[in-house]
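**Student:** Listed below are the residues making up each chain.
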Amino acid sequence: MFSFDTIIQQFPVVFEALNVGFIQTLKLFFVTILGALPLGLIISFGSMSKFKPLSGLIKIIVWIVRGSPLMIQLLIIYFFPGLVLGTNIWGNGESGRFFAAAVAFIINYSCYFSEIYRGGIQGVPHGQQEAGQVLGLSKSQIFFKVTLLQMVKRIVPPMSNEIITLVKDTSLARIIALQEVIWAGQAFMKGSQGISGQIWPLFFTAIYYLVFNGILTLLFNALEKKLSYFKA
Amino acid sequence: MAVLEVKSLKKSFGKTQVLKGIDFSLEKGEVLAIIGSSGSGKTTLLRCLNSLEFADNGTITVNGDVIFDAEQKQKFSESELRQKRLHFGLVFQQFNLFPQYTVLQNVTLAPTLLKKGTPEEIKANAVKLIESVGLSEKIDFYPCQLSGGQQQRVAIARALALQPDVLCFDEPTSALDPELTGEVLKVIRSLKDGNSTMIVVTHEIDFAHDVADKILFMADGVIEEFGTPEEVIENPKSERTKAFLSRVN
Ligand SMILES: Nc1ncnc2c1ncn2[C@@H]1O[C@H](COP(=O)(O)OP(=O)(O)OP(=O)(O)O)[C@@H](O)[C@H]1O
Ligand SMILES: [Mg+2]
Chain F
1 MFSFDTIIQQ
11 FPVVFEALNV
21 GFIQTLKLFF
31 VTILGALPLG
41 LIISFGSMSK
51 FKPLSGLIKI
61 IVWIVRGSPL
71 MIQLLIIYFF
81 PGLVLGTNIW
91 GNGESGRFFA
101 AAVAFIINYS
111 CYFSEIYRGG
121 IQGVPHGQQE
131 AGQVLGLSKS
141 QIFFKVTLLQ
151 MVKRIVPPMS
161 NEIITLVKDT
171 SLARIIALQE
181 VIWAGQAFMK
191 GSQGISGQIW
201 PLFFTAIYYL
211 VFNGILTLLF
221 NALEKKLSYF
231 KA
Chain V
1 MAVLEVKSLK
11 KSFGKTQVLK
21 GIDFSLEKGE
31 VLAIIGSSGS
41 GKTTLLRCLN
51 SLEFADNGTI
61 TVNGDVIFDA
71 EQKQKFSESE
81 LRQKRLHFGL
91 VFQQFNLFPQ
101 YTVLQNVTLA
111 PTLLKKGTPE
121 EIKANAVKLI
131 ESVGLSEKID
141 FYPCQLSGGQ
151 QQRVAIARAL
161 ALQPDVLCFD
171 EPTSALDPEL
181 TGEVLKVIRS
191 LKDGNSTMIV
201 VTHEIDFAHD
211 VADKILFMAD
221 GVIEEFGTPE
231 EVIENPKSER
241 TKAFLSRVN
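Top line first, the protein sequences correspond to chains F and V. Counting from 1, position 5 in the first sequence corresponds to residue 5 in our numbering; the numbering is continuous, with no gaps. Counting from 1, position 15 in the second sequence corresponds to residue 15 in our numbering; the numbering is continuous, with no gaps.
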């Protein structure tokens, strides 16, 4: 039976457990961002390389990673080394699961980010670089003083979409039992801390995603607005 | 002594030879107009002068200093190359202003990064140049807030800020609405009075006739005709020049 009285009564316990779970969600989110933003840039340079074997290989990897479900990638990265080597290379317990999840997310998201970077870099008209060249600027001056900001402006909207998707995608780590917020909510169905058979905590987890994505959306809008003074 | 001397410049892209041996020279303060039909190699020639392309053969000499020699193109380092290309300025058909910078910043960026003076000197010079192209009121505007003609005038001021020996223009008015070409041509005309040495690729035959000291008619990667406007435009000798002129008029 659904009753508000039970919810109010159970709320303090559930809230605390969900907070703990959400910290794990946030950790996975930030670790993924910190890893995938630079790695994505490196991958994008690789995919634009004039050395065809390299750019070809990278394009195939990006195609595989973007073309298959992240959930399957998580399972493969977590379980496959153990099946082959007979030992769990990620370490035991929650920290091992987190490590595996972080690796899977960083690989997956750096491939998405690499395509965004590539679009941003290639989207800056070649004439900008040439204008810098004829003014006698060096390659690094051209990159930092001429093209970088135009690139950033182009990247912000698709990047913010992808990052908001990442917030929600962290829930996929549930599949390897990472104790993030969905896992924490689900625990009250099976039974935890004297509460069982309750689905409302799971529903309630959506609020965490909504609030966090709301904050991110505001930040990205502010950034877009800050860059709106010029057209590129 | 000639400011600019170009000798047997050749350039191919893959199998197509675009420049088939270009020779000419230019005296200080002279204005050279390059005319010719589409695909004849005019842009390629300007790009070779500005080191955006490297010719396969030939030399380019500015004020007696060899700034390009196809025989030894490997020998210039990146920073030497940057020094050499400063002999030339280039104004693009599409302006290519830096969109994130104001008019003033567009003009001061390169001199500042290249340390061509104190910040005060650089700014004072830029303000003067912006005034000379008639844009003092727009000095703090961004390129997206300017008309095409105004943007092109900023591009001219930006190129002038580095005081190139030879300022090149690649069809500076052909991306503009007809009513805006006048203001840009007026600025170029005023530079001639200021004794700048210039090369202008243009389809504006009347403008070329009035402003240029020399006309170079290019066809198919060669100089078909070279001389004063009276010689080339009023009394062309070559059949191809005649055909071209009758087509554009
Ligand atoms: N980077 C390049 N790669 C291959 N071919 C090129 C390249 N740049 C120019 N060409 C070719 O060289 C020829 C001359 O081009 P160029 O742009 O110099 O002509 P143009 O006289 O400036 O013509 P237009 O009046 O149309 O501007 C053309 O056939 C063009 O297709
Ligand atoms: Mg051209």
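Please note: incorrect hints may appear among the correct ones.
[As the list claims (entries may be wrong)] The calculated label-pair distances, taken between Cβ atoms and stated as ranges, are:
id: 1; chain 1: V; residue 1: Ser174; chain 2: F; residue 2: Pro53; range: 39 to 49 Å
id: 2; chain 1: V; residue 1: Gln145; chain 2: F; residue 2: Glu94; range: 23 to 33 Å
id: 3; chain 1: V; residue 1: Ser174; chain 2: F; residue 2: Tyr229; range: 25 to 35 Å
id: 4; chain 1: V; residue 1: Asn195; chain 2: F; residue 2: Arg66; range: 32 to 42 Å
id: 5; chain 1: F; residue 1: Ile61; chain 2: V; residue 2: Ser77; range: 29 to 39 Å
id: 6; chain 1: F; residue 1: Tyr229; chain 2: V; residue 2: Lys186; range: 46 to 56 Å
id: 7; chain 1: V; residue 1: Asn195; chain 2: F; residue 2: Tyr229; range: 48 to 58 Å
id: 8; chain 1: V; residue 1: Gly182; chain 2: F; residue 2: Tyr229; range: 53 to 63 Å
id: 9; chain 1: F; residue 1: Val211; chain 2: V; residue 2: Gly182; range: 53 to 63 Å
id: 10; chain 1: F; residue 1: Ile42; chain 2: V; residue 2: Gly182; range: 48 to 58 Å
id: 11; chain 1: V; residue 1: Lys186; chain 2: F; residue 2: Arg66; range: 32 to 42 Å
[Unchecked claim] Listed next, the stretches of chain V that the computed footprint assigns to chain F, with coverage defined by at least 3 CB atoms under 8 Å from CB atoms of chain F:
id: 12; stretch: 107-113
id: 13; stretch: 137-149
[Claimed, not checked] Sample of chain V residues at the chain F side, in silico, Cβ under 8 Å:
id: 14; residue: Gly89
id: 15; residue: Leu90
id: 16; residue: Leu104
Derived by calculation from the structure, the hints in this document are not laboratory data. A quick note: this is a predicted structure, and the numbers were derived from the prediction, not measured. Cβ atoms here follow ideal geometry from the backbone N, Cα and C, with glycine treated the same way.
**Student:** Which numbered hints does this structure break?
**Tutor:** 2, 4, 6, 7, 8, 11, 16
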